[in-house]
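**Student:** Sequence lines, in order, name chains E and R.
Going by this note's numbering, the first sequence opens with residue 2, and the numbers climb by one from there.
Going by this note's numbering, the second sequence opens with residue 3, and the numbers climb by one from there.
Just so you know, not all the hints are guaranteed correct.
[What the hints assert, rightly or not] Result set (DSBU-like, lysine-lysine): computed pairs, CA atoms no more than 35 Å apart in a straight line:
| # | chain 1 | residue 1 | chain 2 | residue 2 |
| --- | --- | --- | --- | --- |
| 1 | R | Lys59 | R | Lys85 |
| 2 | R | Lys16 | R | Lys85 |
| 3 | R | Lys73 | R | Lys59 |
| 4 | R | Lys11 | R | Lys73 |
| 5 | E | Lys50 | E | Lys70 |
| 6 | R | Lys11 | R | Lys59 |
| 7 | R | Lys11 | R | Lys85 |
| 8 | E | Lys50 | R | Lys11 |
| 9 | R | Lys85 | R | Lys72 |
| 10 | R | Lys16 | R | Lys73 |
| 11 | R | Lys16 | R | Lys72 |
| 12 | E | Lys50 | R | Lys16 |
| 13 | R | Lys85 | R | Lys73 |
| 14 | E | Lys70 | R | Lys59 |
| 15 | R | Lys16 | E | Lys59 |
| 16 | E | Lys50 | R | Lys72 |
| 17 | R | Lys72 | R | Lys11 |
| 18 | R | Lys85 | E | Lys59 |
| 19 | R | Lys72 | R | Lys59 |
| 20 | E | Lys50 | R | Lys59 |
| 21 | R | Lys16 | R | Lys59 |
[What the hints assert, rightly or not] If you only want the chain R side, here are some residues facing chain E, beta carbon under 10 Å, derived:
| # | residue |
| --- | --- |
| 22 | Phe14 |
| 23 | Gly42 |
| 24 | Gln108 |
[To be verified] Short, incomplete list of chain E residues facing chain R, as computed with Cβ under 8 Å:
| # | residue |
| --- | --- |
| 25 | Leu8 |
| 26 | Pro13 |
| 27 | Gly44 |
| 28 | Leu47 |
| 29 | Leu49 |
| 30 | Lys50 |
| 31 | Ser53 |
| 32 | Gly54 |
| 33 | Phe68 |
| 34 | Lys70 |
| 35 | Thr87 |
| 36 | Phe91 |
| 37 | Thr106 |
Calculated from the structure, these hints are not laboratory results.
We treat Cβ as the ideally placed atom computed from N, Cα and C, and that holds for glycine.
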Amino acid sequence: AQSVTQLDSQVPVFEEAPVELRCNYSSSVSVYLFWYVQYPNQGLQLLLKYLSGSTLVKGINGFEAEFNKSQTSFHLRKPSVHISDTAEYFCAVNTGTASKLTFGTGTRLQVTL
Amino acid sequence: DGGITQSPKYLFRKEGQNVTLSCEQNLNHDAMYWYRQDPGQGLRLIYYSQIVNDFQKGDIAEGYSVSREKKESFPLTVTSAQKNPTAFYLCASSALDRVAEAFFGQGTRLTVV
C-alpha cells in the first residue's frame, strides 16, 4: 500500500524568504511523486513531478523538489517566495501499478510582507 | 483549449435530495476520477473509471454513484444516503499510459441546506 505524509499543516513565511514543504512517502515498489498547488476555490495544478532519472526536479513558478530514496522523501523548496505563492500544496504518490493518486493532507503556505 | 469542465461551481441541496455534478473533458483521456476534499483531510478518491461503461469504487464510495456512458463525461450523483455531503468535489482525468499525472477541473462546492 502507498501513503503520503505531509508533516506540516501550515507554514508561515515572510516574502523573499526561502521555504521547504516536507513530504514523506511509503511504498514497497518504485514510485512516481508529485507536487500540486491549489489556490482558493480552485482545482489542483501540477507543480512538478518525479518519474525517473535526476533526483532534483524543477517545476513551475521557481519551485524544485529533491527525491531521496533512502529517506523516502520528496521535499518541495523555493529559494525566495512571493505573496502570490500563498496557496495549499499537496504531495501525491503513485506506484504506477495502481490507477489512482494518493494525496497527502496538504500544507497551507502563508506568505506575508 | 483542452481541459476539464465541472459544473456548477456552487450547488445547494436540501437534505434527502439527490444531486448530480457534471464533469466533461476534451483531453481525450481514458481515465477519469472523482475526489472529495474536506479541510485537513486532503483529497479522498470516490470513484474512478478507466474505460467507457466501467468504473471502480475508491476509498469513500458509499452514498455516491457514477456513470461513464461517454469517454468525455463522468457525472457524479450524490445520493440521499450520503450522510455528510457538504464538501468540495474535484474531477480529474489522465491518460492511461501516464496514469500518475492527473489534470483537475475547477471543482464544485456542494452545500446541504
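**Student:** Give me the numbers of the hints this structure contradicts, sorted from smallest to largest.
**Tutor:** Of the numbered hints, 12, 15, 18, 22, 25, 26, 29, 31, 32, 33, 34, 35 do not hold.
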